Each structure stands twice: as C-alpha cells, then as structure tokens.
Amino acid sequence: MSEQVGTITWISGPVVRARGSRNVGMLELVEVGADRLVGEVIGLEGDQITVQVYEETAGMQTGAPIYGTGLPLSVELGPGLIQSIYDGVQRPLPLIEEAMGSFIQRGARFDSISREKKWKFTPKVKTGDEVKGGVILGTVMETETFEHRIMLNPDDSGTITWIAPVGEYTVDEPIAKLRMGKEEKSVTMLQRWPVRRARPFVNRRGANTPLITGQRILDTFFPVAKGGAAGIPGPFGSGKTVTQHSIAKYADAEVIVYIGCGERGNEMTEVLQEFPHLVDPRTGRPLMERTVLIANTSNMPVAAREASIYTGITIAEYYRDMGYHVALMADSTSRWAEALREVSGRLEEMPAEEGYPAYLAGRLAEFYERAGYVNNLNGSQGSVSIVGAVSPPGGDFSEPVTQHTKRYIRCFWALDKSLASARHFPAINWLDSYSEYIEDVAAWWREKVGKDWLSMRNRAMELLSEESRLSQIVKLVGPDALPYTERMILETTRLIREGILQQNATEAVDAYSSIEKQIRLLELVLYFHERGMAIVKRGAPINLIHDLPVVDTIIRAKSTITNEEMHKFDDIQKQIDQQMGRLDAEYRS
Amino acid sequence: MSEITVQGGQEVLGVRRIEGPIIVVEGAANVSYDEVVEIQDPRGELRRGRVLEVGEGFAVVQVFSGSTGLSIDGTRVRFLGGTLHIPVAEEMLGRIFDGLGSPIDGGPEPLTDRYMDVNGLPINPTARIYPRDYIQTGISTIDGVNTLLRGQKLPLFSGAGMPHDQLAAQIVRQATLGKVAGAPQTEGEEFAIVFAAMGVKNDVADYFRRSFTESGALTRVAMFLNLADDPPVERIVTPRAALTLAEYLAYEREMHVLVVLTDMTNYGEALRQISNVRGEVPSRKGYPGYLYSDLASMYERTGRIRTSKGSITQIPILTMPNDDITHPMPDLTGYITEGQIVLGRELNFAGIYPPVAVLPSLSRLMKDGIGKNRTRDDHPRWGAQLYAAYAKTQDVRALASVIGEEELTEVDQKYLQFGRAFEREFVNQSFTENRTIERTLEIGWKLLSMLPKQELTRVTLDEIAQYYKGEDASS
Ligand SMILES: Nc1ncnc2c1ncn2[C@@H]1O[C@H](COP(=O)(O)OP(=O)(O)O)[C@@H](O)[C@H]1O
Ligand SMILES: [Mg+2]
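Just so you know, the protein sequences line up as chains E and L, in that order. Under my numbering, the residue at position 507 of the first sequence is numbered 507, and the numbers go up by one with no gaps. Under my numbering, the residue at position 437 of the second sequence is numbered 437, and the numbers go up by one with no gaps.
I should point out that these hints are in silico values taken from the structure, not numbers from a laboratory. Remember, it's a predicted structure, so these values are computed and weren't measured experimentally. Some hints could be false.
[Stated by the list, open to error] Sample of chain E residues at the chain L side, in silico, Cβ under 8 Å:
no., residue
1, Thr-9
2, Ile-11
3, Ser-12
4, Gly-63
5, Ile-96
6, Gln-273
7, Glu-342
8, Pro-351
9, Glu-354
10, Ser-391
11, Gly-395
12, Arg-423
[To be verified] 25 Å max Cα-Cα, derived SDA-like pairs, lysine to any residue:
no., chain 1, residue 1, chain 2, residue 2
13, E, Lys-475, L, Val-402
14, L, Lys-453, E, Ala-508
15, L, Lys-469, E, Thr-553
16, L, Lys-372, E, Ala-511
17, L, Lys-453, E, Arg-494
18, L, Lys-469, L, Pro-452
19, E, Lys-417, L, Glu-455
20, L, Lys-372, E, Glu-507
21, E, Lys-185, E, Ser-2
22, L, Lys-367, E, Thr-562
23, E, Lys-120, E, Glu-289
24, L, Lys-392, L, Glu-405
25, E, Lys-417, L, Ala-391
[Claimed, not checked] Computed beta-carbon distance windows for the label pairs:
no., chain 1, residue 1, chain 2, residue 2, range
26, L, Val-411, E, Met-141, 55 to 63 Å
27, E, Pro-276, L, Lys-446, 36 to 44 Å
28, E, Pro-483, L, Val-411, 14 to 22 Å
29, E, Glu-274, L, Val-411, 33 to 41 Å
30, L, Glu-407, E, Arg-497, 23 to 31 Å
31, E, Met-141, L, Glu-252, 37 to 45 Å
32, E, Glu-274, L, Glu-252, 27 to 35 Å
33, L, Thr-432, E, Gly-284, 50 to 58 Å
34, E, Glu-586, L, Glu-407, 23 to 31 Å
35, L, Glu-407, E, Gly-206, 49 to 57 Å
36, L, Asp-133, E, Gly-284, 29 to 37 Å
The C-beta atom is built at its ideal place from N, Cα and C for all residues, glycine as well.
Construct the entire structure; sequences and hints are all you get.
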C-alpha cells in the first residue's frame, strides 16, 4: 500500500525534508526512514517534501527512504473508543505497553480499534431504504449502558441493498451494503476520518442550555453553554488541571474527551487509576465508561502533541453526530501552540509574536469553531463543548496564546495566583472572569429550578464588585472607617467567597454541588444580607452580625450538607430568622 | 570513552565552519540525527560531540567541550554511528563522574556491559503507578504543608546567597519513608542518591560531598559533576547521564532513588547559548521555543512504574535570576514539576532557616499522600487552615503598615501574632532538627490556637474540639 516517494535530505528534531515525487499530497500521511516512523507532509516545494514526524527522530539517517500512503492523517472511529487511552496520533497506549514494556519505543503500529472484538449489532434501517450520510444504520452497546450509533459515513449516500441481521460482528465485517449510482459498496462499523477536517452537520442551534459542572463558581457565576467554548488561563499551580478534572468527572455530558496535551504523565495516570472507580451519578456506572483519553504528555514527541488536539476533537464530533452531548477538555492548549511554534521554528518560518507562527490565531480559531450545539445530518441534535486550559508564561495574560484564545471563546475563567497562594480554590478570579452565555441560559434556570437565578447571581456579583471597591479603602484606612452598612457588605461577601466560591475538589461532599444546592446557598447568603442590612441600618453594631453563630454554619454548609439533604438548608434559614430576629427586636425600639 | 565505540565509524576531514561550540562538518554521508561524534583536534586530542542537524553532505555538530583550539583544516571528525550511551551499574554508587559520565575519582571504568541511551524514553502513562507514599523529611514546611512523595519531582526555587544547598542536603540526610503520625519510627528504607552538578562552583560540589560523607551516605551516592569551569555544553548531557543511572537503579535494581540536580538555571543558560549560536528564533528572554519540552524530557523521568518496586524522586535546584519567579527557567519548571518549594529573601534576612516562603510553595501530590491512614486524618484541612491564616496575616501586615498596629482590630492583632509565631516556630528549625510528622502537626495546632475559633473555618468542628487549645477552647 505504501511506496517510496522520496529520500531524506535533512533532519532537525521532528522535522525532516526529503527529495522525491511531486505527487505526494499536502497533509498526506507518510512513513519515514528505515523504521517507518509515522509522519505528515506539512510542506511541498518543487520536489522537496517537508514532513513532521510523530516519533523521536534520533538515529534517523539522511539517504533513508520515505514512503507515501495516499491518505491524510485520520482517526479510526467506531465502537471501542470509549474507555480507550491513546497517544496524540491515536495509538492505544495499553497495547504499546503490552508489546514494548513501560517505556514507549519507536515504530509502534497498532490498530486504534480492536479488529477482534465482536459487537452485538441491531439494525435500524431496511433493505431498500434511501439513506444519506450520517444516517444511523444500527446500534451496538458500547458499554453496559452506552448506545453507540453506527452511522453512514457523512460523504456517502445511496440505497441499502443489504443490512446485517441482529448479530455479533467485528468492526471490519460488513454490516450493510449500499448502492451508490452504479457501484455497490460494503459498509462496516469502522470509519476513518481526516482529523484536520471538521465533521459536517446541518446547522448550528442556539447554545442556551448550560453545561452543568457541579462547580459553583462556574455554574452559578460564569456558566458555559452546551456547545460553547471556555478558556481557563492561569499560571502554574493555580488550578487549571484540577478544574478540568472536576469538569471531566461531574459535567452533565454523555461523553468526555480528555486531552492531556504536553502535560504531566502522573496526571494522566491519576485519571486512569481514578475514573474506573468513580461512579457517574447519572448512569450509576464507572466514569471511565463515558471517557476517551488522549495522552500525549510533555516528554512524548512534540509533533504528535500538535496532532493530539485534532485527534480529540474529531472523536468528540463523531459522538456528537450520534446525538450526544460531548465535553472536551484540552490541557493545555498552550503546549499545543508551542508544538506549532517548535515545528515552525525548525522550518525557519517568519515568526510573529514571541516566536509563534503567524498562523497561530487561525489554528486556534479553527479549533474553537469545532465546538457547537448542532442539528446533525441524521436529524438528531448533539453538542461539543470545549474547555481549553491556557498556560501563559509568567502568568501574563497579555501573551499571544491567551490573547488570541480570548477572541474565539465566550467564557473566560481567569485563574489568579494570589488566590491560589491563599488556598482559595478554585482560584478563579470573579472580577476578571466573564461568561457571555449568562443571558442565554437564564431561561433554562428559570424553568429548571423555578428561581430567578439571573437576578440573584447579578446581585451577588454586585456585592463582590462593591467589596473590591471597599477593600481598596480598607487597605488605606482600615475597616473601622467604613460605615456599618458598608461593613455589612463585607460580611456578606466573606460568606459568598468562603461559603460559595471556594470549593474543595478533594472533599467528597464539596466536590460536586447540585444546581439545587448551588442556588439555595446563594439564596441563603442573600437572605442573610437583606436581614443583616436592615438591622445594621437601625444602628446595630456590625460585630453583632459578625459574631452570629449562623455565620460559621453558612460557611460550613457546602461541606456539611450533601446534595441529598436539601431540607437542612431550611434549618439554616430558621437559624438566620431566630438569630437575626433577636437582634431585630432589640434594635427596633 | 564511555559510549559504545562503534568500530570503523565513518571519518571525515572537512570542517566548513566553526562558531562557538558548534561546528559544521562537510562530506559526510548517511549521518544520523543525534549521532555521537569524536573530534580529533589539530594536536591529536579527542573530544566528543553530537549531531544537531543533518543535511545533504553536511552535519551540524555540537562539541561538548567547546571548539577552542579547533581549526578548519587540522580537525578530523569521526561519526560513531549511535546516540550517546553511558554505562550503568550498581557499583556506580559511591563514585564520582564528570559531566558526561566518565569517572574522575581515579577509579576504573564501571565494569558492566549494560549501556543506556542518555536521552531515555518516555514512560508510558499506563505503566506508571500514581505516587502515594510520603517521604518524611523532618522539615515542617515540607512534611506539614508541602508534603513530598516518593516518585515526585519537587524543585527548590531559590536565589543567589540563599541556603538551598543546606536545605537540599538536609532533605537528603533526613529523608525516610513516612509513617502514620504516632507510629514508631522504624529504620526507613534508605535512598540511593544521584547527584548532578551543572555549572556550580567547586565548593558547592564539595559541600555536598562532605555532607554525604558526614551522614555516612557516600557509598550510596553517585555524583556527576560539571563544575563552573567545565565546558558549558557538557551541561546539556550531565542531568541526562545522571537520570539514566537513576532509571537503571530504580527500574531495574528496584531501588528508591533521590535525584538532586543543581543548578538547572545554568543548564538553561547552556541550552540558550547553543540555540543563539545556531540563530534559532527565540521565545522569551532569548531562550529557545523548545525549552519547555527540553526540560520536560528530564523532569518527567521521575516516578514509579508498575514493573518495579523502585522509584525516582527529583529535587532540582534553580536559582531565580533577580529572584524573579516569572523568569523562563523557574516558570517552565513550575509548569512541569509537581509543585515547588520557594525560598524567600525576607525570611532569610530575618534569620529564619529554612527560609521557605510558604504561600508560593506547593506540593501538588500532597493531597494523595496525607490524611487518614497516611499521616493523620486532620492533616489536609489543618494544612489548608495554616495556609489561609498565614495568607490573611499578609493582608493584615499590609494594613498595619498603613494604619499602624494599634489601630488594628483585636482579631487582626491576633493574626499578626500568629504570623510571627508561625515563622519563628513552624518555619524556623535548625539544620539538624528532624521533626516527626506528629510534632509538626502539634506545632501547627498550637499556632492555630492563637486565633479565635470562628476564624478556623477550614478545619471541622470535631477537629477543633479535639485539637484546639485556644483561650476560648471551652466556649
Ligand atoms: N478546587 C480545588 N480544590 C482543592 N485544591 C485545589 C483545587 N484547585 C487546585 N487545587 C490545588 O492546587 C494545586 C495545583 O492545581 P493544578 O490544577 O494542578 O494547577 P495548574 O494545572 O494550573 O498548574 C493542586 O495540586 C491542588 O493542591
Ligand atoms: Mg496543570
């Protein structure tokens, strides 16, 4: 299938040049050198072919051959993706370990999807049906509870001349035959799709359902919509990875694609060892049964890191096409941008800002554009939501990757080093962050919890920005100079910060907050504020409010009251009434 | 020579260009990328180098010991056909090597037929074991609030003139496998130590050697030394050679290995120098765009794998130019390592040892190695509470400097007292003091007891009932 198309003339890190055929295609997959390492054509000029190689090139020689394949870099799509862990070019890491031991050696070639495993196929179309690309031909249970819908390749259409009966098939056995014009084509459960080409859909729908993550500062304050895109920039140690892990665990998506892009090996191992033992509250099944992992860690080849983002998003789109909500985490997009920069640097391309190639912005745009809540070709609806971590050098948000990312996302979760140092987690700065989905998802909240989330949320934000103004004054003159009404605001915002915004990802009760719990906590804090303010206005000293026992109770509620014990919040409300009631009576006269 | 010498390697004569530590060699065919070369200078002496780039009929070679004395005509280059390998053996413990792995202690070449590529290979994430066993270092700011685990990479971020060497030596001397608080201390399994010096002065290397000798550890230490007056380019290989031995000891001989790398900032400068000579497009401060990947290729050689009982724990030391934590070396290191221990100038001036600036320090793996059945149940919340209280202290100090201490509220005054005591009693300890985890927890609770109970919202009410000893303990 592959023939020699050139001879290597130059090698520098992951970039190789060869001279040879003029028939090699741009972005064609090639095999490079005696070990036939996988690479991709990234430049053509006359008879010169430039290739980025997805494996370590040490030991490779000039004069060695390169072979063409005639195909673009593609992923394999079909049942068996879920629960897999792949490298950046979709090689299954467990098989690599089995064959090569604990260290990844070069030249590994494995099918991304098992050819041996049989899946029980149930047809959904009949002979004679006219079918278009994307149509669901049948289903298989990919896990005990997850239905994988076998779709016709988006580029195909025709008449079904044969469909397999219910039965067990491997992914490369035919399950249907299709007449396309004069040709008859046999269809299997396996599809290949070029990673750099977005999978088609009919059109985009409005993104007005929030992706619920169970993280209070996200859902309540800066929600991302299903099909939306969020960026989470922050210096090292500020909480990008922990936040992404939390979203991967708790988001109300049906499929999670988690891309460890140029980050730590141990973090991927953590997911691998933890997720099979964590239960998805919605299905009661292990979290791993809705997860696909792509791990191209910082010490794995840099060109494969560049590809990992595309491998991940293509898999996400494939599940979207079945009618599912998919959430994709990319940790970190900055490492991907650096991979682009490294390859570009080796090619001696003209750099733009900080050595990044001029096409950085375009690549980021293309990636985030692949998020969306869409009407699929087969009439179903599905979404891909993207949460991209950004790692700005020195924590400086004015750098190119953060700045360009901001242009293509609508939700910005700005992590803050000083919050992290004070162990205020998640260290998302509430004044620097924003979500442009707030108005869009307000109706959903009203319908779902029957409360006016939007005005409560805005009231809390108002208090927080008031706090920021007041604390400037406090820094200059101390708190005593403030009138009690303003100090009441500071009492309340302390409750907001410590009782709502702070959320400990490592604590069982606190790690996931249902939306009911989130809104109830907010309601209580605002109620506390209204009652307290009324009392203070009548002249009660602020320390009486500060010393109320209920303050401590409210701050602790997030970790003492589980999602199932909502009635306990009513007790807290009673305590507010009692304790405030006493003060109220005292200062009424 | 340490690497496998390939017989009949290809020899060429033509050096086309010499610039800094880089030479461009002409007339070589079938050169491999990253191949080792042997260079014979006009006086007949041999040097080593490796291929950085190969093109048609030319190769760009980095000469480890620099190009001083090389000439266009009288230099011969022999391509040895393989990448750089070093011998590895258990007997290398107790020995001293140069920055490329050749013995410099007068002893013989290690007797072994096991040679390993200094570049190593990436560990497959599926083959790793997630670290969970804590190392008791006897230092409160580490064990208590930035716990180090076996298989973790935790750098020391320091600055010129600060006692990072002492702290590293103390960690190495005191490190044992951690126990549950209160459990009797048994003789901990001892660590093998791999020490790599890059561009540090001789007295630094000497300090460590003496410290290893005094603690009787010398027979468990292998030292790789590239000192300040050694060729800078060699520094690129030194940490890799050290880690190659560490991997052999940890993953093939099942030992627990502690790797100390100092000073990584010098390593970074050597990398920058080569990159600049080659005219590569720089990213920040002249460092090459691949600095992150390059550092990761070393720092990620840490951890545990399923096929061995051994582990590699890394303690890289970096001096931050101008104490600037956003400088590319500490910055990119922090993005790769599993936390950082930051030394603070002000604490150092105040005579606090070790001057660990607690707030910017972090151990990312701490959460997985402490708590119930590991240290003590309250440990995670106790730690978060100390952090929160000390962070609050900083705000109060700032306020006090504006309005004066007397104007502070009563609670804020307590924070000031807490802060001072925290630095003097918790952070401060002597170079020889080896605190048990229990003792560290006890000191922490004593300090927290200086604050009113309502301030302690990170610990549970039960924990307050059990450990709080403040004035209002009974109320
Ligand atoms: N929500 C959280 N709850 C508790 N701890 C957190 C939380 N977020 C971050 N942390 C702490 O901060 C550390 C660094 O977080 P991490 O996500 O690894 O940072 P980053 O990816 O930004 O470098 C973690 O190891 C953990 O100790
Ligand atoms: Mg991270």
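Next on the checklist: Hints numbered earlier in the text: which of these fail when held up against the supplied structure?
Outcome noted: Failing hints: none at all.
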